[in-house]
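S.K.: Protein sequence lines, in the order shown, are assigned to chains B and V.
Numbered per this note's numbering, the first sequence spans residues 4 to 202.
Numbered per this note's numbering, the second sequence spans residues 4 to 202.
Calculated from the structure, these hints are not laboratory results.
Honestly, I wouldn't trust all of these hints.
Copies of one chain are not kept apart here, so a pair can be met inside one copy or by any two copies together.
As the list claims (entries may be wrong) - Calculated pairs, EDC-like style, for lysine to aspartate or glutamate (alpha carbon to alpha carbon, straight line, at most 20 Å): (1) K147 <-> E198; (2) K147 <-> E40; (3) K56 <-> D76; (4) K70 <-> D23; (5) K61 <-> E86; (6) K194 <-> E89; (7) K56 <-> D72; (8) K194 <-> D157; (9) K61 <-> E122; (10) K201 <-> E154; (11) K147 <-> D137.
Just so it is clear, the structure is predicted and the values come from calculations on it, not from any experiment.
Protein chains: 2
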Amino acid sequence: MGMGRPRAFDADAALDRAMDVFWRHGYEGATIAQLTEAMSINPPSLYAAFGSKEGLLKAALDRYTEKRDAWMDRVVDAPTAHEVAERFLMEHADAQTDPANPPGCLLVQGGLACGTGSENVPFELAARRTRTEDQLRERFVRAKAEGDLGESVDPATLARYLSAVTSGMCVMASSGADREALREIAAVSLKAFEEQTKG
Amino acid sequence: MGMGRPRAFDADAALDRAMDVFWRHGYEGATIAQLTEAMSINPPSLYAAFGSKEGLLKAALDRYTEKRDAWMDRVVDAPTAHEVAERFLMEHADAQTDPANPPGCLLVQGGLACGTGSENVPFELAARRTRTEDQLRERFVRAKAEGDLGESVDPATLARYLSAVTSGMCVMASSGADREALREIAAVSLKAFEEQTKG
DNA sequence: AGATATCTGTAGTGTTCACTACAAATGTGG
DNA sequence: CCACATTTGTAGTGAACACTACAGATATCT
């Protein structure tokens with residue numbers, strides 16, 4: 004028995020194109036017509052490969068998270084908690100203003116509030132944001148164990164703070180803040196981090 | 004000549020109900036059916052009073068901004084820049100977790116990225132966020148003139164930082180962060196503010 | 001080469017969307 | 001009380017939406 008006609012498009016490349024559309028217009032603002040055109044495929048190919056619009060988003064998010072995890076691995080590899088925070092903040096400032104992508108971050112632009120029937124989408128995005136926060140917290144727990152952070156420091160608070168600042172930077176980037184502006188925010192935040200780690 | 008049948012609903016009360024729907028579902032996620040039901044009116048009344056869905060949003064935002072301005076007036080009335088920052092951050096933490104409203108802030112939940120034809124909505128929201136940032140900056144300019152802030156301090160940077168943090172708190176609130184979590188973020192941010200104002 | 005399994009492109013499907021035509025209702029001004 | 005201006009509720013409008021039926025194309029496996 005045969006194995007069927009092979010797929011004529013590269014799924015990962017198509018997901019990158021879909022990612023861009025979701026990023027630019029949000030989940031609800033992105034239409035199947037825009038997605039299929041960007042992916043250079045027809046609707047039946049999209050549905051055969053990803054099941055639904057939400058399935059496509061999840062696949063795009065998986066790919067996004069993959070890249071982000073690789074990046075986070077490099078970030079938490081920094082020798083000290085302070086350098087972890089510095090890299091995290093500064094590289095976020097750069098990433099969110101990278102002209103190769105829409106401004107901000109897909110996990111925020113994708114949609115914080117959605118209509119009836121898409122309630123799952125904000126959850127899905129939030130879960131992926133939380134993942135980054137978890138990775139930071141675990142790194143700070145380690146830093147504490149290594150004596151790199153003081154005994155009275157709460158790794159969860161530090162991680163949550165950094166996560167909040169970068170989310171805020173997303174919002175600013177989406178409304179046109181430039182790289183320099185985001186770096187200033189990052190710099191001030193880093194001061195807070197230093198101050199916090201003294202406690 | 005007569006003046007026509009009077010309106011049977013209170014426009015401001017209706018706007019408050021519409022605000023809630025936009026807040027909860029975002030601009031694109033909110034449907035006219037949901038809006039009219041929440042406002043307890045029929046579509047023709049909505050369109051006669053506000054012109055379009057986007058017109059309704061703008062009217063709701065005007066009302067939102069009105070309340071927010073009154074609140075900001077009280078915030079910037081604090082005697083010192085430090086107290087301004089403290090009130091701004093802490094009251095934001097409380098407001099974004101006020102059970103009387105959906106979590107977060109309408110100016111962020113409303114929609115950071117929208118579909119073709121609604122490109123104006125993110126701009127409209129961003130303009131209102133910028134307004135708050137401007138009010139903060141002006142207050143810090145005054146603080147500097149009064150000697151309350153050092154010569155080397157940049158009011159614009161401070162204002163932008165506080166604005167970013169509260170936007171980030173919105174994102175966290177929208178994904179379920181509770182009041183205590185937001186207050187911790189606010190507390191850390193305040194440390195950064197103090198540190199910054201020493202420079 | 002033939003049978004089979006999957007993909008592809010065309011051309012739709014029903015549903016939901018924002019929005020409105022229209023006639024009845026209800027107020028004001030003369 | 002009458003002419004008029006505006007609102008209200010009913011019942012839709014065309015357009016755009018996510019999604020799919022179907023037939024032809026293209027691969028694999030025997």
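S.K.: Hint by hint, say whether it matches the structure.
M.R.: Hint check:
Taking the shortest alpha-carbon separations for K147 and E198, only the intra-copy value of 16 Å comes in at or below 20 Å, while the best inter-copy value is 23 Å. Taking the closest pair of Cα atoms, K147 and E40 never come within 20 Å of each other, the shortest separation being 50 Å inside a single copy and 53 Å across copies. In this assembly of identical chains, K56 and D76 lie within 20 Å of each other by CA distance neither inside one copy nor across copies; the values are 30 Å within and 45 Å between. For the identical chains of this complex, K70 and D23 are intra-copy neighbours only, at 14 Å inside a copy versus 36 Å across copies, given an alpha-carbon limit of 20 Å.
Taking identical chains as interchangeable, the C-alpha atoms of K61 and E86 are never at most 20 Å apart, the minima being 32 Å within one chain and 44 Å between chains. Taking the shortest Cα distances, K194 and E89 sit within 20 Å of each other both inside one copy (10 Å) and across copies (17 Å). Taking the shortest Cα distances, K56 and D72 never come within 20 Å of each other, neither inside one copy (24 Å) nor across copies (40 Å). Proximity of K194 to D157 under the C-alpha cut-off of 20 Å is found in both arrangements, the shortest distances being 17 Å within a copy and 15 Å between copies.
Taking CA atoms no more than 20 Å apart as the test, K61 paired with E122 passes inside one copy only; the shortest distance there is 14 Å, against 24 Å between copies. Within a single copy, K201 and E154 get their C-alpha atoms as close as 10 Å, which meets the 20 Å cut-off; across copies the closest is 26 Å, which misses it. Proximity of K147 to D137 under the C-alpha cut-off of 20 Å is restricted to the intra-copy arrangement: shortest distance 15 Å within a copy versus 39 Å between copies.
Checked against the numbered hints given earlier, this structure breaks hints 2, 3, 5 and 7; the rest are met.
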